[in-house]
Structures are given as C-alpha cells and as structure tokens.
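Enquirer: As a plain string of letters, each chain reads:
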Amino acid sequence: MAQESGAAQPGGDAPLLSRLVLELIGALVVLGFGATVIWGALEHEVGWGEDGPQAGTLPFWLGLVAMLAAVVIAIQALRKSEVLGAQVMLGRKAAQQSAAFLLPIAALVALAVPLGLYLAMGIYLFGMVMWHGHGLKAAVITAVSAILFNWVAFEYWFMLPLPKGPIEAWLGLA
Amino acid sequence: MENLEALMHGFSVAISFQHIALMIGGVLLGILVGVLPGLGAPNGVTLLLPLTFTMDPVSAIILLTSTYWGALFGGSTTSILFNIPGEPSSVATTFDGHPMARQGKATEALTTAFLSAGFGAFVGIVVITLLSGFVTSFALRFAPPEYFAVYFLAFASFVAFGGGAPMKTVVSIVTGFALATVGMDIVSGGMRLTFDMPELIRGVSFLVVVIGLFGIGELLLTMEDSLEFRPVATTLSPRRVLAAARDLPRQWVALLRSAAIGIWMGITPGGPTAASFMSYGLARRFSRNGHKFGTGEAEGVVSPETADHAAGTAAMLPMLALGIPGSATAAVMLGGLMIWGLNPGPMLFIEQRDFVWGMIASMYLSNIVAVVLVLATVPLFAAILRLPFTIVAPLIVVVCTISAWSVASAGFDLWLMLVFGVVGWGMKKLDYPIAPLVLAMVIGDKAEDAFRQSMIISHGSFGIFWANPLVGGIATLALALLLWPLASLALRRLRRPAAAG
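Keeping their order, the protein sequence lines are chains A and B. Everything in the first sequence is counted per the numbering used here, starting at 1170 for the first residue and increasing by one. Everything in the second sequence is counted per the numbering used here, starting at 15 for the first residue and increasing by one.
Source of the hints: derived by calculation from the structure; they are not laboratory data. If you're wondering where the values come from, they're calculated on a predicted model, not measured in any experiment. A virtual CB, placed ideally from N, CA and C, is assigned to each residue, including glycine. Check the hints yourself; a few may be wrong.
Unchecked claim - Computed footprint of chain B on chain A; a stretch qualifies when at least three of its residues, placed anywhere within it, have a C-beta under 8 angstroms from a C-beta of chain B:
(1) 1221–1234
(2) 1279–1292
(3) 1307–1321
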C-alpha cells in the first residue's frame, strides 16, 4: 500500500512538497552519500593491484556510481519538471502527522539507554495513547501490559535482557 | 526417485512435536504480522531472527518460513475485509477481493484466496522438490568465479526485471553494497568506511536496516493518511467455505497460469509483489471475464493470490541453492542462514541434507497448517484491526525498537533504525526499490570476497569469468540483463521515428 499512498492525496490538504522537489532532495542525498563513501574509501588503496582490487577499490567505485546515478536521476526529474512539479507528494497536514509520529520515536530512542528500555517504552506508550485521546485508562493499560509482557518474554523466555536504568536498579531488578 | 527418498527423509526430520508447535506459533505470529499494516513479512521475519540464534537451524528455519507463510496469508485477509493490504504483495488482491466482500461474499472471497494461495504454494514446493536434485549435480563445480557470476546475475536481473526505474535500482544496490563494506575488511584487515566511529567497526547490521526501512518507514507512510477501517461482516459459515472450495477447480486455467508466473518471478528475483501484479494483469487481459475484473470476480482473487504464494515459496530455491534470495524476506532468511553457520550455495544440498530436506518437507506441512489456521482465525484477527491504529502503531514501534536492540545490544542501532526509517519513507515515496538494497547488504560481502578471490586466482584478469561454459554462460546472461534497459530504450528510440514517418 506504500506506493499507492503517494498517488492519491486526500483532498483539502495544503501542498508542501512536489514530486520534483522531493526527487531533487532524494538525488542530493544520494549524491552526498556517494561523496561520503568515496571520502571513506580514499583512506585505503583504491587502485587495481597485482592481486586485483584493493580494500578501497569497491567502495570508491560504489561511491562514484552512486554519484553518477544521482546526477542522472536529477536530470531525468528536471526534464519532466512540469509534470513532476504539479504532483503533490506531501501535504502540510500529512507532513505534520508524520512528524508528530517520528519525533516521539526519536524521544523513545534517546531515552532507551539512559532510562532503560522498559521505562522508556512505558512513557512513550502512555504519552502516545493519552495524546491521541484514548483516555487515562487505555494509556495505563497499554503501557503497563507492554512492560509486563516484554519483561516476562525477554528476561525469562528468550533470556535476552533489554537495557535497564535507574528505576530497575532502585527496585533491585537490574 | 532419489528426490522422493530425500523428501521422505526430510519428513522424518521435520515431523516432531516441537517442530509442529513451532509451525503453529510461526504461522499465528505471521498472520498477526501480515494483518497489521506497517508490519510486513520481511520485517516479521527480521523481528524473530534474533530469537533463533540459539535454536538448531532446522527449528529456526521452520519458525521463520512458517512466519513467512502466515504473513502472506494475513496480508490477504485485510485486503479482502478492509481494503487495506497488510502486505505490498496483497495489493492486487484488494482489486476484486474487497468488492466481493462488499457484495456479502466475504466468505467466498477469503476461502478462494486462501485455497488458491495454498495451491500456489504447493506447486512452488513441488517445483523446489523436483529441481533440488538437479542442483546437487553441479554443486561441486562451483568455485569463486561461479559464485561471483551468480551474484552478479542476481543484481543484473533486479535491474532488468525489478520493475523500478533502472537508475533507482542501481542506487539501491550500490547503497546496499556500500553499507555492507562498512567495518573490518577481511582480506586486508583494514577498517573501511568507519570514519573513526567505534560503533561502525562491527559494521551495519542488515537486520537493523530492514527494521528501519520496512517497519518505521512503512508506519510513517501509513501515518500520512488517516486510516479509516471500513470493515465488513467477518463470520465464516463452514457450509459456504465448502461451497467455495468446490467451486475453485473451475478456475484451473487461472490457477495453473498464475502458479507458473509466480514460480518464474520467485526464481528470478522478481518477488511476490511483482508476481501478483503481473498475474492479475495477465488474467485481466486473457480471461473471458476480463472486462468484469475490479467488480468482484473470483478469478481476480485467484490470480494474484496463487502467483503471490507460488513466488514466495519458489524464492526459497535460489536462496538455498545459489545464495540468491528471490524476495526481500528470502534475503533476510539468507542472512539468518549465515548467522546460524550454514553456507548457502549448492554445497548446502550435499553437506546439510537434513537441513535442506527438513525445510522442504516442513514447507508442505506448514502450508497446510497455515490454510487451516488462517481460516479458523479470521474473526480473531479481524477483531485486532478494530483497535484504534493510534494505539497499534506505537506498539509496533516498541516491537521494532526492542528487535533493533536485540540484534547486538547497542544503543547506536536504535538511532540507525530511526535514520533508516526516514530513508525508507523517502525511498517508498520516490519509488526506489528496497529489496535490492537488502539483497546487496546480505550478499555484498560474499560477492566482493568471491570477486577478489577470483582476481587473486586469475592475477587480475577478467577472462576467468569466461574460463568455462558454466561461468561464461552465467556471466554473459548477467551482462545481457544489465544492458537490457539500455537496449530496450535504444530500440524504442529507433522505432519511434520509423512509426512517425
């Protein structure tokens, strides 16, 4: 369903990014990635030695091919700029919804190690469920059952301990 | 006959209480993963992979393949009932499956979908069984040049058949390869692309990348549209299930045609998604009822479903026999094989007979288990989708985060997951194919090693790739496929002025 969601934009959403702009951003990212790879490859021998390619050879050429492909993609996009410029790929509301979903994940990731993953997931789930207006009861049930289920599953069944923080230490569980 | 004997041996390996329990568990988890939008088969298998590290390989592969079948079935359930494909490969099932359900024929649509999917899978496994004996016959002739030629062929066929814009497929492959080179270089011992960051020394795990690209990326896309489930009645009456099952053999033309398409697309790395679309398209063109497609034709459900599952199972053969996965999910399983200490390739059929034939035999069983379970659990899983997506989505995020951590117990991997989530969102928006990236990450190291070993053997001469008919044939075919998009472009350019004049 991924491919389809771009084609049909829900009506009433103010346009933010056209396909053209997004294609060019994509090409720019690939260009930057290619340059980074080449930069990294140049720390090694990139030539063709007696025994064939050296440590840097493959990454060097990969970076070069990526940069070339990025240029071709950008040119292809610019040649169709009128068509692509009219295609709205991302509306303002859609972007807000995605960002509002992405930023809490970033918070979860940032808190997972210092606070421990159990506490971080509890806060994250509680916050998300509350914020979407499902009420305190639903939020507490979701957060607590997730923590308990994962604790039993990962600490006992799979024997694959997850990161723990000050709370677990204070409770004497870590 | 030799194959039949081997298969019987496989059944003796596969049939045990523990394995059947793993099949049931795997299929149920798979259906759950398939039903939830945002979690797909590649991701579901990736999430389970860290749990299999301590299992024996036969149990591990049974769990993962059962999850895969379950996910393929689960994806169809939501396509038909909710018009929401739980899997990219079941998008084509929505075209006629959902209209059928809207007309009050949900039972018929689901039964038809599951049974034709089961048929497709069965044909796929029979083909694997028959071809496996053939694989062992050339196993011993495989040396580094042959391996490299085969890897090269896999990538070339992605460019030719993958369906995406060739340049974007190239970017995807190159990115995957570059990510695979990060970390210690085994030939020279040097640190490559680590930029003095200690976290990068052990390399970038393809599992974390898959979790980001498929899991977080898919959720971000889903979040853009406000999801509205419009469910239809979900009770299945056994009598109507049987009636629909009796009607299915009338679709034998569609069944056989779609199975053939699926097997072809599974063995060449087209994958189940491309197979289901292609099969639907061909059915609409050649069927007597083609003009009625889109309004709830049973044949419009049979065609994509059969091809989808035939491709899913057939993709296992090149994965085992050549180390080339025919789908993103197979690529993840291939990574699993290497982690369990198995070496994919033709030698696997000689050295690991128990594993290979145990897996093939288990595929017969687990598909039967899957058809029964998926029919039995439709009401249960349909109920899960009644939960608000704004609660389900954060839970999926937590599952992804835990899995990303469990790969290597590193906080750095969580950030990687996040970054690749955004990358996956962008790739799907701009139609960059993701499967080639995963494939390149999984076999990138092996392909480079095979290439460098070949170069060491030949003292830097490319002639080694045409040194004997086997390697020469594969290498020539690969080059032809790689140049195919260019050639077809040139042909079109040549024809256009001719047509105008």
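Enquirer: None of the hints should be skipped; say for each whether it holds.
Expert: For each hint, the structure was consulted:
1. Coverage of a stretch by a chain is defined here by at least three residues with a beta carbon nearer than 8 angstroms to that chain's beta carbons; for the stretch 1221–1234 of chain A and chain B the count is 10, and the condition holds.
2. By the rule of at least three residues with a Cβ nearer than 8 angstroms to a Cβ of chain B, the coverage given for the stretch 1279–1292 of chain A holds, with 4 such residues.
3. Using a Cβ-Cβ cut-off of 8 angstroms, 4 residues of the stretch 1307–1321 of chain A lie near chain B, which meets the minimum of three, so the contact claim holds.
When each numbered hint is compared with the structure, no violation occurs for any of them.
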